[in-house]
Amino acid sequence: MNLLVCISKTPETTAKIGFTDGDSKFNEEGVQFIMNPYDEWYALVRAIELKESVGGKVVAINVGPASNDVVIRKALAIGADEAVRINAEPQSAMTTAKYIADYAKSGDFDIVFLGKETIDYNGSEVGSMVAEYLDLPFFSYVSKLEMDGSKAIVTRDVEGGQETAEYTGAFVLSAAKGLAEQRIPNMRGIMMAKRKPLNVIEPSATEDLSVVVKYELPEAKSGVKMLDADDMDELVRLLHEEAKVI
Amino acid sequence: MSVLVYIENPKGNFKKAANELIFFGRSVADKMNVECHAVVLGSVSSFDAIQNAGAHKIHHFSDNSFDAFDSQQVAKIVDTAANAVGAKVIVVGHTANGKSILGRVAVRQNAGSVSGVNTMPTLDGGFKIKKGVFSGKATAEFEIKSDVKVLSLMGNSFQASDFDNTAEIVTDSSTNSDSSVTITDLSTVEGTVPLPEAELVVSAGRGMKGPENWGIIDELANELGATTACSRPVADIGWRPHHEHVGQTGVAIRPNLYIAAGISGAIQHLAGVNQSKTIVVINKDPEAPFFKAADYGICADLFDVVPKITEALKKYKANN
Ligand SMILES: Cc1cc2nc3c(=O)[nH]c(=O)nc-3n(C[C@H](O)[C@H](O)[C@H](O)COP(=O)(O)OP(=O)(O)OC[C@H]3O[C@@H](n4cnc5c(N)ncnc54)[C@H](O)[C@@H]3O)c2cc1C
Ligand SMILES: Nc1ncnc2c1ncn2[C@@H]1O[C@H](COP(=O)(O)O)[C@@H](O)[C@H]1O
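Protein chains in written order, with our numbering: chain A, 1 to 246; chain B, 247 to 566.
Source of the hints: derived by calculation from the structure; they are not laboratory data. Glycine included, every Cβ here is placed at the ideal spot set by N, Cα and C. Careful: at least some of the hints might be erroneous.
[Unchecked claim] In silico DSSO-like pairs for lysine-lysine, Cα to Cα no more than 30 Å straight-line:
no., chain 1, residue 1, chain 2, residue 2
1, A, K221, B, K322
2, A, K221, B, K530
3, A, K144, A, K51
4, B, K383, A, K16
5, B, K322, A, K151
6, A, K16, B, K374
7, A, K225, B, K455
8, A, K74, A, K9
9, A, K105, A, K144
10, A, K9, A, K105
11, A, K221, B, K383
12, A, K196, B, K538
13, A, K225, B, K560
14, A, K16, B, K322
15, B, K262, B, K455
[As the list claims (entries may be wrong)] Listing some non-contacts, in silico: residues in chain B with all C-beta distances to chain A over 10 Å:
no., residue
16, F293
17, S311
18, A321
19, S346
20, D370
21, V427
22, E533
23, L559
[As the list claims (entries may be wrong)] Now the stretches of chain B that chain A is said to cover, found in silico as 3 or more residues with beta-carbon under 8 Å:
no., segment
24, 276-283
25, 296-309
26, 331-344
27, 352-366
28, 449-457
29, 460-467
30, 538-544
Pulled out of the complex, with its shape left as it was, chain A reads as follows (with noise of 0.2 Å):
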């Protein structure tokens, strides 16, 4: 099977968020960037779980500066054969999308997998507009993967449960947590991955629709107010009263 995985850079959980310029850009300064964990745990893995199955090859794409090589080169090493980078700063999800769908229209892909989302924008918009560009299905949230032949069986994560669903055909799909079990790159893949391919294309020019103008920080909480144990009377009353939630 020919799989593309798209891969994307997010600053790490726990890196420290501030703004520049006006508050108007993110502050890179400092910040340790990772690949998507949605990316590399689950979409990565399976499609190599699928190529080591079945057979065929995969291609991991990025779109992004060169300083996203670090991340590249990781997905190379945990076993992706080959991988493409668009040579753009992605300003918004569809121009990012056209950009990777313009690319998988170039080769003969059988799936397309994406992270369920960027876990700096939240965005989850980007696997949808693939799928448009493409004219194919969009499975998301995509907690199970397997082959029957040439049939897929997807389950996908809904709210309060799952629903499983069978697809010929090529698709693209978004990746949940249980897709796959993390691996991490062995000293022989990292090797390997200095000499795999990694092309850069560089892309037309495209305009953003959506972009964001300014940055706030949440309002800083005015502190925990400590009860007594045995005086839940009191948090019921605070709940109703002051809260107003209750």
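Dock chain B with the ligands against chain A, hints included.
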């Protein structure tokens, strides 16, 4: 011109989120001085719940082939309806299904989009709207520059209230879905409010010691009419069902009240719950990081405290 909302009706029923979405769509429509239209697909047991929610017209594509969700088919219908009513703003829920059509509709309409919005847009000097980013650690204001805008609304962002008009229902029974996806199973818990819609949530973590101890959490949740949630390790080891897991890798929620018992409050857990309006933390460790994010804290043994809260609630209910 109009605002168009796509309304979900899982298993034929409208949930609270439907009213909230229509309320939001209508409020935006009023700001723009246009009508609010809603699109509903597949079987509907009754429109009563949403008929006064604010929509001027509800377009119902009633063929039951739409009961099986396929993002490609739904996006096609929403796109066609949007063109027919001249929609300038298209709103879907920030749910598994809503999010799977958001991008598709945006591409079809060549529209800028923002997902997971939680405020009303401002319209003067461009269309601007906010959402939480960096797992709730900040807010970003987006500007959408295209003629048509597509949004997904984060659950529990607004308190819906009825409008005095009754929506006209326009039924189309001849269009059907020509999906090639086969849905073989849909298993969801019935009778409880799904987490993303829940106003009240009682959650517990590893401090519970084992799945057999969850009775006190269920009792508190029942007494409150709350939905239950859990921390990730608890779902990972199978003490609780996977769909209850909240946090960065689980569901992100913003209930009015989040009660956390025996959860340390790791940053990845907070990422999914820090937009809750009021947070109550029960933990026996005074140094537990969760206390810093809490409004009310009780530093004690949860096995002692949780039943006491349930008792206090019973007493309160009896007196009011
Ligand atoms: C990339 C990444 C993503 C993650 N995503 C998530 C996520 O989405 N959601 C999530 O929840 N976690 C997530 N985690 C895990 C997270 O870091 C924590 O490990 C986890 O939240 C801890 O769960 P816990 O609080 O239940 O358990 P613990 O950290 O073990 O805390 C148990 C707490 O219970 C208290 N306690 C024990 N006994 C009692 C008692 N009798 N009475 C009162 N209090 C008691 C203890 O003092 C302690 O604070 C993620 C981690 C990583 C690295
Ligand atoms: N710049 C990018 N390059 C490649 N893939 C991306 C990029 N941004 C997002 N993606 C993919 O799209 C998924 C969802 O991202 P988002 O819609 O931004 O939350 C991610 O998990 C990635 O798989």
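Structure versus earlier hints - violations, ascending order:
1, 12, 14, 15, 18, 19, 21, 23, 24, 25, 28 and 29
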